[in-house]
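Asks: Listed below, chain by chain, are the residues.
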Amino acid sequence: MYGYNGTVLLVNLTSRDVTWDALPASVLRRFIGGTGLGTYLLYQYCPAGVEPFDPANPLIFVTSPLVGSRLTTSSKFAVLTKSPLTGCIGDALSSSFMATELKRAGCDAVIITGRSPVPCLLFLHDGAVEFLDATPYWGLSTTATEHAVQVALGRHTRVACIGPAGEHLVRYASITNDGGRQAARTGPGAVMGSKQLKAIAVRGTRAVPVSRPDALHTIGRSLTQRSLGPATEKYRTLGTLANVAVFNRLGTLPTHNFQQSTFAEADQVSGETFHQTHFVTNAHCANCTIGCEKILMTTDSGPKAQGRMEYESAFALGSLVGMSNPNTIIRASTLCDELGMDTISAGGTIAWAMECFAKGLLTVQDTGGLPLQFGNEEALLACLHLIGERRGIGDLLAEGSRRAAQRLGQGADAWAMHVKGLEMPGYEPRSLKTMALGLAVSTRGACHNRSSAYEADFSARVDRLQAEVARGRITMEGEDFSAVLDSLIWCKFLRKAFQDLYAESAAIYEHITGWPMTAEELRQAGERINNLKKLFNIREGWQRADDTLPPRVLTETLPTGIVQGSGLTQADLDVMIHGYYTARGWTAEGHIPMQKLAELDLLEMVYAHADGLPVFSITT
Amino acid sequence: MDSHTREGAATEGAGSQGKTPSSHPAHQTVRIRVELFGMARLASGCALLELDLPCDAALWEVTQALVGACAALRGLAIRTDGTGLLESYTLNLNGRVFVSEAGVHLQAGDTLLLFSSQAGG
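Line order of the protein sequences matches chains A and B.
The opening position of the first sequence corresponds to residue 0 in numbering that gives the first Met the number 0, with each subsequent residue numbered one higher.
The opening position of the second sequence corresponds to residue 0 in numbering that gives the first Met the number 0, with each subsequent residue numbered one higher.
FYI, nobody ran anything at the bench for these hints, they're computed from the structure.
There could be a bad hint or two in this list.
[Claimed, not checked] Output of the computed footprint for chain B on chain A, the stretches with three or more beta carbons under 8 Å from beta carbons of chain B: (1) 18-29; (2) 224-232; (3) 240-246; (4) 455-461.
[Claimed, not checked] Sample of chain B residues facing chain A (criterion: CB under 10 Å; computed from the structure): (5) T28; (6) V29; (7) F36; (8) R40; (9) A46; (10) A70; (11) L85; (12) S87; (13) Y88; (14) R95; (15) F97; (16) V98; (17) G119; (18) G120.
By construction, the Cβ of each residue, glycine as well, lies at the ideal position given by its N, Cα and C atoms.
Generate the whole structure from the sequences, applying the supplied hints.
Replies: Here it is as structure tokens:
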């Protein structure tokens, strides 16, 4: 077999059983790798209806056929589990040497179940598996953990670990690898913590051969050249931080918990400002020629902090919570990384709490004396510490905005800005209508990355303030495109470098695996993967009403900027959702007809893993 | 918006698209503003430009006026021959309409936004 190991490693932390299973070619070709293969494995190995913190919930690490190929941006891996934040499919991507090392260790995927009786460090090296005592690392930050494990096992050992947030089951805890890269959205780090698994250390020396290395080298050189051209210019220069000023001008920068979509102090925390005043250097993932990561450093007299910064972190810990001091945003983002938690959900949940505080639903008695006001820098940083260790008000906020609002009551769910429990990213849906649909129907909750639906809104293709049925097909196509990117796995920042993603990737897939693949087969794989994600959610209790947006989005218009007065009604959203279900070939209630399942070659596995749950339904 | 403002004017009839000056109202000029974002702003040292452009301006007329007012944009956001945008940049009118190759209808006081075409991330 070329391009794959053809094996999955199953590890049970309770029994300490280790099993190697074969991954047949028929599965690999249909689900590719990364998110696609991970969805297949999750569907197969996750017992229907399992609680996310139940030891039986699998935590799955998946590489891809591209990993190890040295193609630019190809060193990525996916992490899948049933999300403790949403109860739906949880999938997150991370990058760099960990991906390569996992594949060289001899497997395409690792499935971890069970719960270790004591803190555990799982050490995989060239086909061997060791269960080491992680007690000395328990309580350490992510950076300290990675360093300590490398000291113990060798500096070339790659480490994926959790920080204190994962240990304390913060529902949006991340898994960190390679010096600060995060698989964060949907909270896989909390599942890792529930298994008392502090870290996975990997060393591998087995290169996986490719079928046609010369042809791959030629196409790889072309792709590298394109990755250094205009198609990635933004990512190579200011990075995603460039969004701040533009989004503010376009009225799409969520501010003060989505109460408005412009931030008066946006210029103080823009990518341009960060670049001029806080920029240290660019950083790259392994095998990446783009180098999108912006390493920033504080410049004031306070405690020094240095770390990566993306738009999503800058928005969630900036305008969303009313912070206009770039030093505070750098500190807050770095703190999230060290504690090991998703910056978007952390900022989103704190923004919800700040609005509760402003409305009098939370007081200083509840917050332990913290004046939790928008723009209060000390309160933000203190709050992050409390969340990471589930102390005081942090115990409530560690649950995420949906559960926290349910627990607080008093109507506080009206401004809990989430979809399916996942906090909203930095795209204002009332002024980006295609994105609004993408957020509402995404299988992992309020996610911008699994559809990239905003691309249409930032183009001449559509009027971004207009809701219409045709957005359904655009969103579907974006989701299938993204599923292929996330399964092969390409970095999304490379997407514009392809003249035709499907055709070029199909050729690359053939060069790597030696298996025939057409552009249409690849496109259909994207569709199959998204349908299987949806099937997983249906099996776990998804209902039509879950495809929606927060009440604020559907009832309040935007008060500021050039989009002042723009809103989105339930009727607008329903029209677009109808267009989406129709484009997908689903029923009006969002279920998948038998015919569609058969067309996508999904019937057999659906029946094999339905487990007879009453919540699972297939509409004929 | 703290960088200085520069002024420039479109060169009517320039380029290869065959558009010539006339007394037709469409070729009356209007003064508009252009806001620059990202590297376009940093490399040019300019956040805001004022341009005089035809009411119905072809894209090449806009881009030629831009490089006329701010030479640093040539090769950065605008093709070296000045006839259009590099694929890495886009122009948006008043935050609402993205400008296509066909051009844009302008009114006095309009604002064009010049920013990266690589949305999101």
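Asks: Let's test the interface hint: is any C-beta of chain A closer than 10 Å to that of B:S87?
Replies: Since the shortest Cβ distance to chain A is 4 Å, the answer is holds.
Asks: Hint check: is the beta carbon of B:G120 less than 10 Å from a beta carbon of chain A?
Replies: The hint holds - B:G120 has a Cβ within 10 Å of chain A, the shortest such distance being about 4 Å.
Asks: If you take the shortest Cβ to Cβ gap from B:A70 to chain A, is it below 10 Å?
Replies: Check failed: Cβ of B:A70 comes no nearer than 19 Å to chain A, outside 10 Å.
Asks: Quick check: the region 224-232 of chain A, covered by chain B? Criterion 3+ residues, Cβ under 8 Å.
Replies: Result for this restraint: holds, n = 4.
Asks: Should the hint that B:G119 touches chain A count as held when the rule is a Cβ pair under 10 Å?
Replies: Check passed: Cβ of B:G119 comes within 5 Å of chain A, closer than 10 Å.
Asks: Is the interface hint satisfied for B:F36? The criterion is a beta-carbon contact with chain A at less than 10 Å.
Replies: holds (5 Å)
Asks: Tell me whether the statement that chain B covers the region 18-29 of chain A is true, taking a Cβ distance below 8 Å and needing three residues at minimum.
Replies: violated (count 0)
Asks: Let me know if the C-beta of B:R95 comes in closer than 10 Å to any C-beta of chain A, holds or violated.
Replies: Result: holds, 7 Å to nearest chain A Cβ.
Asks: Does B:V29 pass the interface hint, meaning its C-beta sits closer than 10 Å to a C-beta of chain A?
Replies: violated (19 Å)
Asks: Grab the minimum C-beta distance from B:V98 to chain A and call the hint holds if it beats 10 Å, violated otherwise.
Replies: B:V98 check passes; min Cβ-Cβ to chain A is 8 Å, inside 10 Å.
Asks: If you count the residues of the region 455-461 of chain A with a beta-carbon closer than 8 Å to a beta-carbon of chain B, do you get 3 or more?
Replies: Three-residue rule met by the region 455-461 of chain A, so holds; n is 4.
Asks: For the hint on B:F97, does the least C-beta distance to chain A fall short of 10 Å?
Replies: Given a least distance of 4 Å, the restraint on B:F97 holds.
When each numbered hint is compared with the structure, violations occur for hints 1, 5, 6 and 10.
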